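Q: One letter stands for each residue in the lines below.
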Amino acid sequence: GDSVTQMEGPVTLSEEAFLTINCTYTATGYPSLFWYVQYPGEGLQLLLKATKADDKGSNKGFEATYRKETTSFHLEKGSVQVSDSAVYFCALSDYGNNRLAFGKGNQVVVIP
Amino acid sequence: SQTIHQWPATLVQPVGSPLSLECTVEGTSNPNLYWYRQAAGRGLQLLFYSVGIGQISSEVPQNLSASRPQDRQFILSSKKLLLSDSGFYLCAWTSRAVYTEAFFGQGTRLTVV
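Those sequence lines, one after another, are chains A and B. Under my numbering, the residues of the first sequence are numbered 1 to 112, in order. Under my numbering, the residues of the second sequence are numbered 1 to 113, in order.
If you are wondering where the hints come from, they were derived from the structure by calculation, not from laboratory data. Treat the hints with care, as some may be off.
As the list claims (entries may be wrong) - Below 20 Å or equal to it, Euclidean Cα-Cα: the simulated DMTMM-like pairs (lysine to aspartate or glutamate) are: (1) A:Lys-60 with A:Glu-16; (2) A:Lys-104 with A:Glu-8; (3) A:Lys-104 with B:Glu-26; (4) A:Lys-104 with A:Glu-42; (5) A:Lys-104 with B:Glu-59; (6) A:Lys-77 with A:Glu-16; (7) A:Lys-52 with B:Glu-101; (8) A:Lys-56 with B:Glu-59; (9) A:Lys-60 with B:Glu-59.
Nothing here was measured: the structure is a model prediction, and the numbers come from that model.
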């Protein structure tokens, strides 16, 4: 079945540092890929998405490129801010499937 | 525009008491509806999803049930809460179109004491 794997453990980094969160997926078809962000005590918000291979999703300085050859959708931001502290989830939606598959999420803590 | 409402925002319930969480969607028709649970420090666990009125699929056998009495209403229930039911519950919807993202409610923080 469809699945998403995110790198283990929280990510702690200093303000203005470069952020990368790895995400790889397994799917039988041609999925759409998503990154969601969850701020403390809130629901999930869509951060960015890509619907086909080589598409790049971007929003608020975050980027992720749909790499079919490596089945990956890594999230990057060049210079993080304290306000980027949140939990980030990678997810996929496959054709004909009624539900999204989510990764386990990564807690990101940005220190001033 | 579409909106999703989920309530209550927080709830403290004693063990053995009943539960009812409600979720409604506005601005769309025939959505797919979902209930997720997020335990502290963990990822999302899909509990139930529904593709139409009265159609409920359960992902994990447990102490909870779900119902969809109207097209845009999704209810999560329990007859007797357990301590292990504590967590953050999220309702979400997707459209019937393919390759669509999910839209989430603000969540309900449930503490069973």
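Q: Now tell me, hint by hint, if it's right for this structure.
A: Hint-by-hint comparison with the structure:
{"no.": "1", "hint": "A:Lys-60 with A:Glu-16", "result": "holds (14 Å)"}
{"no.": "2", "hint": "A:Lys-104 with A:Glu-8", "result": "holds (9 Å)"}
{"no.": "3", "hint": "A:Lys-104 with B:Glu-26", "result": "violated (29 Å)"}
{"no.": "4", "hint": "A:Lys-104 with A:Glu-42", "result": "holds (17 Å)"}
{"no.": "5", "hint": "A:Lys-104 with B:Glu-59", "result": "holds (17 Å)"}
{"no.": "6", "hint": "A:Lys-77 with A:Glu-16", "result": "holds (9 Å)"}
{"no.": "7", "hint": "A:Lys-52 with B:Glu-101", "result": "holds (14 Å)"}
{"no.": "8", "hint": "A:Lys-56 with B:Glu-59", "result": "violated (32 Å)"}
{"no.": "9", "hint": "A:Lys-60 with B:Glu-59", "result": "violated (34 Å)"}
Hint check: violations occur at hints 3, 8, 9; the rest are consistent with the structure.
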